[in-house]
Amino acid sequence: MIDLEFVINTLSLGSLYALLALGLVLVYGILKLVNFAYGEYVMVGGYALYIAATLLGMPWYVTLVIAVLAAVVVSYLTELVAFRPVRNKSANAQIITSFAVSIFLQNVVLILISSRARAVQLPFFFSKTVTIAGATTPVRNLLIIAVTAVLLVTLSVVMKKTVLGMAMRAASDKFTTTRLMGVPANLVISAAFLISGLLAGVASIFWVSRSASVDPLTGAAPLLIAFIAVVIGGMHSTVGAVVGGFVYGLIFNLLSITLPASMISYRDAFMFVLVVLFLLFRPAGIIKGGYTEERVG
Amino acid sequence: MKRVAAVMALVLMLALVLPGCAEDTGTEGGGTDATSSEDTIIIGSALCQTGIQAPLDEPALRGAQLAVDVLNENGGILGKQVKLVAMDGKSDPVTVGNVAKQLIDNGAAAIIAPSDFDFGGPASQAAQDAGLVGISPCASSPLYGSAALGDKQFTMSMWNTTMGAVTAEYAYNELGYRSVYVITDDFIDYTKSLSKYFIVAFEDLGGEVIFEDTYTQGQADVSAQLARIKALDKQPDFIYVSSYMPDLSLIIRTLRESGVTVPVVGGDSYDDPALFEALGAEYGSDVYFDTHGFMSDEGNPNYTEFAEAYEAKFGDAPDALWILPGYDAVMVLAKAMEEAGSTDGAEMAKAMEETTFDLLTGELDWSDAASGHEPNKAAALVKLTAGKPEFLGWKVPEKLPAP
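As they're listed, the protein sequences go chains A and C. Mapping to the working numbering: the first sequence position 197 is 267, numbers consecutive. Mapping to the working numbering: the second sequence position 379 is 592, numbers consecutive.
Same shape as in the complex, but just chain A (with noise of 0.2 Å):
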């Protein structure tokens, strides 16, 4: 059972939830915001990615960049006109308000597209196929190992190399102590969310590309996964994200050919106790974060 499909499968399941998580966490570290509007990035960069393809015929790399744009720019926005006005209020204030920008986001392609799916025209080469030691698997589930491993190495330079990155772990770490020593909050926030939305920008192109097509609900689902991943992973460090991303790829399929047919409807209720579990005897999750103060403000 336990064959190379599988070791594929996981691997590019893992990588997606690895990305999705990521984004969340950089966010949480920082503002310790869990941003209930994540999974809307991941929603705009697929109507990105159906405006550009579909609708306007552009080259299949131009609408890639176009679909991972629009996720940065909305995830920019969003910290702009919402969650900054809001910063310096009650953690509550700031949940509601991170409901509140994924309902408006929702409604406004509900409004301004359609209440239905739209079919998304993807890559010529999303669509094939290949065959490596007899394991039958799309291109796009190598494409985003590989991806998510550039992204990964490329960020993790970023974080330990740059001044940038080094404040942004400080900030994570300490943000009040950051900000006295001269590192402006905006700038570190903003650098959060601009790289959280790239990594939903560059995780909606894969996540649209399974089913080639995109509606104002797509974002539910990669958000309530990369909670789940960042609960099992660890709230508090990058890597633990990563790590739950892969732990939940990995459990996810390892279910899903093991749980008899009559039992598949029930595995994400078993992904539910694993939360529920881990919450009560590990609630800082498999990589536990450093020292972390309460919050910001």
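If you are wondering where the hints come from, they were derived from the structure by calculation, not from laboratory data. Each hint should be verified, as a subset may be incorrect.
[What the hints assert, rightly or not] For lysine to any residue, the following SDA-like pairs were computed, each having C-alpha atoms within a straight-line distance of at most 20 Å:
(1) C:Lys405 - C:Glu495
(2) A:Lys102 - A:Arg157
(3) C:Lys443 - A:Val200
(4) A:Lys198 - C:Ala494
(5) C:Lys443 - A:Ser332
(6) C:Lys405 - C:Pro616
(7) A:Lys244 - A:Ser332
(8) A:Lys198 - C:Arg469
(9) A:Lys198 - C:Pro306
(10) C:Lys443 - A:Ile78
(11) C:Lys293 - C:Asp282
(12) C:Lys409 - A:Arg157
(13) A:Lys198 - C:Glu495
(14) A:Lys198 - C:Val475
(15) C:Lys612 - C:Arg391
(16) C:Lys443 - A:Val77
(17) C:Lys405 - A:Ser335
(18) C:Lys293 - C:Asp499
(19) C:Lys443 - A:Ala331
The hints should help you fit chain C onto chain A, whose structure is shown.
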């Protein structure tokens, strides 16, 4: 910056509040006065304009709006102008019920209920309690009728008994298929009930159901089902997938991408241009389904006329089949009021039982209340080839499974 934030907050609040407001979709501008029922007939719509039911209901609402315009241009109903008042059911059964009650309080003479038993039922129950006719454009569960909801409740759609049997008979008799693998989306009543009647009809013909698998809308992963199909000793002649968009596209694409090429068969939820495009030339072949109509003159000679009127009102060509049953629902109510000579619920229901309607979605007559208001309707059979739909004709099943 503060000002921009304030403006954005205002826009946001409006976006949150607006979908909950009653939307006056009558043709007279500004006439929001619901008390003028002396010279106006109000039809209330509890269709869901937001949430998971919106993809079905929102196009139906557009169809209903168009039908009201057409009626008013031709003198209205019983010499009175018609006004459609739509309130958002928000894909929440409780809200749907409340909205229907409010519409009735505001003078609605009949209620259009969401296109699903779970979501539409509460609106029909509210209508029944008030002695009014409730009609769902597209609820296909055999529960949608007089037995479960009351003697003034109807659905425009063929029941799942017909929908399941038509494809079962076509697969067995015309295509010569003998074995099937069934994947049922267990998220809503529609998909479960459709699979049930398909299986009854197919086994009754002598076909073999190799396995009854399940899927849940929103799981966004079919690797488990795929692995089971691939592990079969003998591949099925075809796969019956009872699910709906958006995940339906994911299921079929995943099967095809992984080399499962046997035909895929299903019901009216396949009737979606987004699905055709999403499958595209590469994966959109050997897909069969039955639905409520076909969007060309092949399906109905009056289609072009309808499509032109639609485009004149909304600026685009019709984008989903679900516009048609919404249009038809209003036309049925109008004809029933004319036949009954009043807007009385009991009189209308009697007229609906006795009349044969000639509609965009084909001929329709309902059985009487004692036999459940079963809709006697043909199904439009459609085949996809390279992502393009092809009309195979109107089909009536030879034998219907018992509801």
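Do the hints match the structure? See the list:
1. C:Lys405 - C:Glu495: violated, 29 Å
2. A:Lys102 - A:Arg157: holds, 10 Å
3. C:Lys443 - A:Val200: Holds, at about 17 Å.
4. A:Lys198 - C:Ala494: Holds, because 13 Å separates the two Cα atoms, which is no more than 20 Å.
5. C:Lys443 - A:Ser332: Given that 20 Å is the threshold and the Cα spacing comes to 18 Å, the pair holds.
6. C:Lys405 - C:Pro616: Judged against 20 Å, a Cα distance of about 13 Å means the pair holds.
7. A:Lys244 - A:Ser332: violated, 49 Å
8. A:Lys198 - C:Arg469: Answer holds: Lys198 of chain A to Arg469 of chain C is near 11 Å, not above 20 Å.
9. A:Lys198 - C:Pro306: Distance ~42 Å between Lys198 of chain A and Pro306 of chain C Cα, so the pair is violated.
10. C:Lys443 - A:Ile78: holds, 17 Å
11. C:Lys293 - C:Asp282: Distance ~13 Å between Lys293 of chain C and Asp282 of chain C Cα, so the pair holds.
12. C:Lys409 - A:Arg157: Cα-Cα ~53 Å, so violated.
13. A:Lys198 - C:Glu495: holds, 9 Å
14. A:Lys198 - C:Val475: holds, 18 Å
15. C:Lys612 - C:Arg391: holds, 18 Å
16. C:Lys443 - A:Val77: OK: Lys443 of chain C and Val77 of chain A at ~17 Å, within 20 Å.
17. C:Lys405 - A:Ser335: holds, 13 Å
18. C:Lys293 - C:Asp499: This hinted pair is violated, its Cα atoms lying about 49 Å apart.
19. C:Lys443 - A:Ala331: holds, 14 Å
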